[in-house]
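Trainee: Sequence:
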Amino acid sequence: MSSYHLNVKLLVTEILSRLQETKSSDALNVRSVQGDSKKVKYETSELRLYEVLEDPPICSRLLQYKVHKERQDSSRFDKGTPQTMKSLTELVNRGVDVKLDVPFELWDKPSVEVTTLFKECIPLVNEYQDIIEEWFYSNQDINLYDYLCRENVLDKSSQGCLNEKSPNQPKHSPELHQSEEL
Numbered sequence: 749m750s751s752y753h754l755n756v757k758l759l760v761t762e763i764l765s766r767l768q769e770t771k772s773s774d775a776l777n778v779r780s781v782q783g784d785s786k787k788v789k790y791e792t793s794e795l796r797l798y799e800v801l802e803d804p805p806i807c808s809r810l811l812q813y814k815v816h817k818e819r820q821d822s823s824r825f826d827k828g829t830p831q832t833m834k835s836l837t838e839l840v841n842r843g844v845d846v847k848l849d850v851p852f853e854l855w856d857k858p859s860v861e862v863t864t865l866f867k868e869c870i871p872l873v874n875e876y877q878d879i880i881e882e883w884f885y886s887n888q889d890i891n892l893y894d895y896l897c898r899e900n901v902l903d904k905s906s907q908g909c910l911n912e913k914s915p916n917q918p919k920h921s922p923e924l925h926q927s928e929e930l
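Here this note's numbering is used: the first residue of the sequence shown is 749, the next is one more, and so on.
Read the hints as simulated data drawn from the structure, not as lab findings.
Careful, some of the hints might be misleading.
[Claimed, not checked] In silico BS3-like cross-links for lysine-lysine, where the CA-CA straight-line distance does not exceed 25 Å: (1) Lys789 <-> Lys771; (2) Lys771 <-> Lys786; (3) Lys827 <-> Lys771; (4) Lys817 <-> Lys786.
Go ahead and model the full structure; you've got the sequences and the hints to work with.
Mentor: Written out as structure tokens, the structure reads:
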């Protein structure tokens, strides 16, 4: 699987996760220049979309991912600590002198692969911002994996990663709302 396909999947995962974090039934009072006032649902407000995509930037969330070398599919990238690193940290905590090519202080820093995903994510957000906005304002009844990935970005031969379950996948995972065509 290319990093492009993985990046699209992780971008959607993080958008959905951020939407869960900002979920609220509040309404905003919006005043116009003329002094008119109206209530706007926060759920579909421009403010919420801004908070999801830009505050902090959505791609920066990818820097929380770790590479799980013991996995082969798209779940290789996950926010949990890889089992290998857990075992090595336990050994170090017991006083064992563990020699790796990477200094102990850098074990928790984002890997080159994760940093690359982060850098590749930024232009993706810019490229697909109009589609994301269209979904946010008008099509939230359609699962974002379906709307962005299946209908607008990835061709059919590139959609296999959408069916792979990641341990940190949000509630709107692709398995729950798959298109019937797959």
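Trainee: Of the numbered hints stated previously, which ones are contradicted by the structure, given in increasing order?
Mentor: 4
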